[in-house]
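Undergrad: Sequence:
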Amino acid sequence: MTIREMCEAYDVTPRTLRFYEAKELLTPIRIGTRRLFTRRDRARLALILRGKRFGFSLEDIRQTLDLYDRDGGLTAQRQKAYELAMTRLAEMEAQRSELDVAIAELKAELQDAEAKGLVPKRAA
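In this note's numbering, each number is its position in the sequence shown, counted from 1, plus 1464.
Just so you know, the hints here were simulated from the structure itself, not pulled from any lab data.
In silico EDC-like pairs for lysine to aspartate or glutamate, Cα to Cα no more than 16 Å straight-line:
no.: 1; residue 1: Lys-1487; residue 2: Asp-1530
no.: 2; residue 1: Lys-1544; residue 2: Asp-1530
no.: 3; residue 1: Lys-1544; residue 2: Glu-1523
no.: 4; residue 1: Lys-1487; residue 2: Glu-1523
no.: 5; residue 1: Lys-1544; residue 2: Asp-1524
no.: 6; residue 1: Lys-1516; residue 2: Asp-1475
no.: 7; residue 1: Lys-1544; residue 2: Asp-1533
no.: 8; residue 1: Lys-1585; residue 2: Glu-1573
no.: 9; residue 1: Lys-1516; residue 2: Glu-1555
no.: 10; residue 1: Lys-1487; residue 2: Asp-1524
The structure presented is a predicted model; accordingly, all values stated were derived computationally and were not measured.
Please take these sequences and the hints and turn them into a complete structure.
TA: What follows is the structure, encoded as structure tokens:
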């Protein structure tokens, strides 16, 4: 695929693809100034985008992707991805708990301000 086709297929910008290339996460075939992305690059980009969506660092993504190349298979890569995912899930759940507490506190403060007549009451 060309860079334009990749951008359209994965809803990313050329700058994003060049960034991942500079970080050595993608290695398209270069013919002059053209970049041609292989099936491998497409699979790696899908995994990169999924990892970023879940909040993984680029270094975590790189290490996981490199396991496939280094070990020549999916077993080690899947194990690493699973371990990272379990850690990330625990982090996200902790963040959600912290947000729930903060939201409850803020709602209480707003209700208190309304009850004291400091601000106009919200429409129900």
